[in-house]
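Got chain W; can you put chain S on it based on the hints?
There are 2 protein chains.
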Amino acid sequence: MSGQIRAVIEHVTPEIDAGRFPIKATPGEIISVEADIFADGHDKLATRLLYKHSDDAEWSEVPMVFSVNDRWLASFPVERQGHYLYTIEAWVDHLASWHHEIQLKINDGQHITSELLVGAHHAEGMAGRAEGTDKAFLESTIGLFRDPNRYDEAITTALSPAFTALFSRYPERQHPARYVHELVVEVDRPKAGFSTWYCLFPRSASQELSPAGAPVHGTFRDVEKLLPRLSNMGFDVLYLPPIHPIGTAFRKGKNNSVISQPGEPGVPYGIGSELGGHMTIHPDLGTLDDFKHLVACCADHGMEIAMDLAIQSSPDHPWAKDHPEWFKKRPDGTIQYAENPPKKYQDIYPVYFETEDWRNLWEELRQTLLTWASWGVRMVRVDNPHTKPFSFWEWVIAEVKKEYPDMIFLSEAFTKPKVMQELAKRGFAQSYTYYTWRNSKYELQEYMTELTQSEMKYYFRPNFWPTTHDINPSILQSGHEPQFLIRYFLAATLSSNYGIYGPSFELMEHVPFPGKEEYLNSEKYEIRHWDWNHTNALTWLITTVNRIRKENKALQSTNNLTLCRLDDDALMAYLKVSGDNRLLMIVNMDAYNRRGGHVQVPIWQLGIPDWQQYTVHDLLTDTYYTWRGEWNYVELDPYRLPMHLLRIELNHP
Amino acid sequence: MSGQIRAVIEHVTPEIDAGRFPIKATPGEIISVEADIFADGHDKLATRLLYKHSDDAEWSEVPMVFSVNDRWLASFPVERQGHYLYTIEAWVDHLASWHHEIQLKINDGQHITSELLVGAHHAEGMAGRAEGTDKAFLESTIGLFRDPNRYDEAITTALSPAFTALFSRYPERQHPARYVHELVVEVDRPKAGFSTWYCLFPRSASQELSPAGAPVHGTFRDVEKLLPRLSNMGFDVLYLPPIHPIGTAFRKGKNNSVISQPGEPGVPYGIGSELGGHMTIHPDLGTLDDFKHLVACCADHGMEIAMDLAIQSSPDHPWAKDHPEWFKKRPDGTIQYAENPPKKYQDIYPVYFETEDWRNLWEELRQTLLTWASWGVRMVRVDNPHTKPFSFWEWVIAEVKKEYPDMIFLSEAFTKPKVMQELAKRGFAQSYTYYTWRNSKYELQEYMTELTQSEMKYYFRPNFWPTTHDINPSILQSGHEPQFLIRYFLAATLSSNYGIYGPSFELMEHVPFPGKEEYLNSEKYEIRHWDWNHTNALTWLITTVNRIRKENKALQSTNNLTLCRLDDDALMAYLKVSGDNRLLMIVNMDAYNRRGGHVQVPIWQLGIPDWQQYTVHDLLTDTYYTWRGEWNYVELDPYRLPMHLLRIELNHP
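As given, the protein sequences belong to chains W and S, one line each in that order.
Here the first sequence stands for residues 6 to 658, numbered as in our numbering.
Here the second sequence stands for residues 6 to 658, numbered as in our numbering.
It is worth saying that the hints were derived from the structure and are not from the lab.
Incorrect hints may appear among the rest.
Any copy, or any two copies together, can satisfy a pair, since identical chains are not distinguished.
[To be verified] Think about it this way: if two alpha-carbon atoms lie no more than 30 Å apart in a straight line, the pair counts; the simulated DSSO-like pairs of lysine-lysine are: (1) Lys446 - Lys529; (2) Lys326 - Lys297; (3) Lys49 - Lys349; (4) Lys423 - Lys462; (5) Lys140 - Lys334; (6) Lys49 - Lys140; (7) Lys140 - Lys57; (8) Lys57 - Lys529; (9) Lys297 - Lys349; (10) Lys421 - Lys326; (11) Lys334 - Lys49.
Chain W extracted, bound-state conformation:
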């Protein structure tokens, strides 16, 4: 490195772990970059943010703007899927320094003939880099600055905006410092940032009953019949738990009983039988062609399928025979079944990632995902990714996205914060969260601050679920309808990505397996028969909110959240803004009592003067209110509707 380089570039944001991991975005986003940039001495600095798509040959550049305390800012748009790179250059700006110096001297009344000669030298340099009229103009200034008889004219020109505007167009880029890293933005397709998930078990999709009144094993064809309903309700991702053959050895029965009765269907997560494993379809659901037909049918309804990757096998999985080295052995030579001591899960073999044959294991899993992709699947929910090595995920996600850049992976890791963060860093586009257990206003405000204000905002895209097929949370075990409305509404408006565990949630299923946050008679262990034609307050709210989410850009991001003051410990208010779309959500989190209070609207952020009236339009009830100033009164009755979804309409008549 040349000793003549004087600028220093440090503390760039966003930058995850010294550039080790990319940040994430979707097309159309603006990436705001900051850095500490300074040099020795008192010269002016020139700074440039450099960026390009990895397919581009050339860097684009944008000058950075000085903020305060040696902090400089700039931003760039990401328009295409794939990888963008960004970095920074800075150098001592002899043009700007010269210009600053002559201004001070002229103001002091000094004669600056000598400085004009220096200026002529700078103009020569710029002229050498310019073309056309700029070049002609610069060449004319050279003679002018050197002509003592045209001193006043020279001064006028030297100070003119026409001349100084050329400094950044033809910069004197001497000894530029370059930031030590080229940083990466991973740009996923829009659905990575805005998606609405619906989970159902296809085997519970049949609307028929057996002659004896028992549930009938559903098929992909049955699922297709439900698509109009789901699409009308506004869902765009249909997530299916595993659809592969289920093992029979140690098969679990109803309510997770250790011994199943003959005819029980088993647990979809006990993957693999003599029929095949992760690349095979359960015959009771249909054929591979039936599955592909479902994929196509989903597309017709503006939806797509998310498959479920659970890397484990039943004792009957072909892996157990063909690749026993992919499993841990017990001293007696048998394969070690899953344990969470003192509990045993003899129906499941966990995969042993420390195997010496890890390369073939990884390759098999890559092939599995590529096979699914070849069926038309572009979304994968990964079951318990936190029990498989991080380096595997980083590799396999990158490998699959090389061939299928549209692929979106959702991490189902309910575990320690740093492990969940690490999975997101390694490539998961979306992540399950603690939302399911964040019930109070205080908890949710803290959690939203962490998600949208900490470094996580750059790489961790939350996906909020009020319930899942594994979690029947305490707060909903009452079955109290306003509570379901509240929990649904918070998920769908706090996070741009959310999902529901479909029929169960719609019907406000709530009876727990005694003492647990699980469902009684869970369809994980048996086929359920749901009423697929019901409507209720919750289905109305889901349909309405999903329509509003599609129509209002402010609900299609998560990081655009601003928490608003509202001095009641059960009333939570938050603003989301995207361009001129401004939504204010107010939720009464007390599902049993009417609550009222004054909400502070951040009118300073919205550019509303204190004296000006504005309209808030409740998009749920199509009601209009006229407000003025920061503080406005709201009151919500959970037995009517425990929330407002207010669009702030500045130009409403």
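What follows is chain S alone, placed relative to chain W:
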């Protein structure tokens, strides 16, 4: 990298700019290291902090301790000067995981014959790595664990501390993850962390006057006569502004007047004449031998010399003739003098670090420092380092320390925070600070928090100066004696490194050059005659505090500071603890009024029960007080003594 590696190590502290810069320490310090460490799954982890002196062939290891939220802690001592390296290893601990598993199963009443066979396998592995009695013991357990007839004995042994203690002694280090960086601690000699500076102009060191009553040019011999006084007052660094020949071209006169009168001595910072430059001694101060004699004489008094490196030249410096390419040229071919537009400094040529000949320039400056070192100098105060490139400082400091590891550089940069921080990162052992302008309790508490609680604590060693020969701060221009006592005391007890601009400060010089924070008749521009035999309240306080600093280890560090609550906006209280040395400083920052209030002693930190009496011993006045509990009353009269320096003595009779 093997796909079998499962542990992840991130967010190590201390680590400056992703390992780009070392942290700093002095021998005897303990370096506390933290990291996020985790793996997939639920296995136990083994973690090791690795460290070594750069001269050591082998790494030392210390197990890390789990704290909370996947954070692990360990520490290591730095004992020798030079560079220490540290990094971290972690791996899935199959020994500990196995042990945890059998405990759970035994507690559950399970029979664990199969698990004992696994244990025998682990014991075999450990035995292979062990020796002596450990090996014999491990070998005995192998048979025991495999013998179904000795099941109970096997369980007892498997759970015994004697067995489990061997896990960390003979770890099963399979697929360890290694942190991506080896981080560096730069260990300087103790004086880098604890030093007491005294600045004087040797030309003002004479105690004689001319027959006409005018000051006489002092010499190094005159300085030697002052050493007993300075040493008795407790100073250990004697800092001399430049001692080189002074140019005559455009020489400045008294009070910085542009034209000097014949016989005026010039400014020591106008370095260089036909006699020589930075490697030459001003003949009026003495010979090079005289200077070396002074260096030796200082050592006899427990002091050492700090020279002043000002990289600039007078127009008469040999550089201007021999190396005109090291300076910027004006269009008329003359060398560009210093400017701070619209001001001109025609007596100074700034060095042009962007010169194409920068390699020779850097080498000349390296030679300058090596020459000074060859004279016995091991401390250098650098004048305005922030106007020379950072990369130059990083290079030259490292180069000089390669040959003279004892060398300590003090950065005299009063400039923007990030520039001051960068200079410290690049190698300056100590740095001037904003202390000189931090007057109120609020300002000082904020500033001390920044210095001792932010990342700066790892690399930025503050050196506090109440005044300097360049700065006569507004707060002292009153000449009010209590104000001088306060400003002195804060500097000497907040920071383990501090200095005074000697005779001027001792005598409470305060008359400003009108309208400026500079001294009238500054000895930068003229020879001054000081009363070198005076004593006053300030000299008493200096002498007393310097003795206390030497006797109390708590005052020999800066980062050991705890601010204490005291609900009066002028009473500031702070605790410093080192081992069982506990000092509580209380200062009345209102120099004009008596103030009283209750100070909250952090007895929880000191291990003092709420009910226990303890003694506080004012080391300034040798007074004892008996206190109890957190809150105790203090009252300070600035006209008596505006501070307490209390030693908390738990076992005092």
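Hint-by-hint comparison with the structure:
1. Within a single copy, lysine 446 and lysine 529 get their C-alpha atoms no closer than 32 Å, and across copies no closer than 65 Å, so neither meets the 30 Å cut-off.
2. Taking the shortest Cα distances, lysine 326 and lysine 297 sit within 30 Å of each other inside one copy (29 Å), while across copies they are farther apart (85 Å).
3. For a Cα distance limit of 30 Å, the shortest separation of lysine 49 from lysine 349 across copies, 19 Å, qualifies, whereas the shortest one inside one copy, 69 Å, does not.
4. In this assembly of identical chains, the alpha carbons of lysine 423 and lysine 462 lie at most 30 Å apart whether taken from the same copy (14 Å) or from different copies (26 Å).
5. Taking identical chains as interchangeable, the C-alpha atoms of lysine 140 and lysine 334 lie at most 30 Å apart only when they sit on different chains, with a minimum of 27 Å there against 77 Å within one chain.
6. Taking the shortest alpha-carbon separations for lysine 49 and lysine 140, only the intra-copy value of 24 Å comes in at or below 30 Å, while the best inter-copy value is 69 Å.
7. In this assembly of identical chains, lysine 140 and lysine 57 lie within 30 Å of each other by CA distance solely inside one copy; the values are 28 Å within and 61 Å between copies.
8. Within a single copy, lysine 57 and lysine 529 get their C-alpha atoms no closer than 47 Å, and across copies no closer than 55 Å, so neither meets the 30 Å cut-off.
9. When the C-alpha separation of lysine 297 and lysine 349 is checked against a cutoff of 30 Å, the pair qualifies neither within a copy, at 37 Å, nor between copies, at 81 Å.
10. In this assembly of identical chains, lysine 421 and lysine 326 lie within 30 Å of each other by CA distance neither inside one copy nor across copies; the values are 35 Å within and 68 Å between.
11. Proximity of lysine 334 to lysine 49 under the C-alpha cut-off of 30 Å is restricted to the inter-copy arrangement: shortest distance 19 Å between copies versus 68 Å within a copy.
Violation of the numbered hints given earlier is confined to hints 1, 8, 9, 10; the remaining hints are satisfied by the structure.
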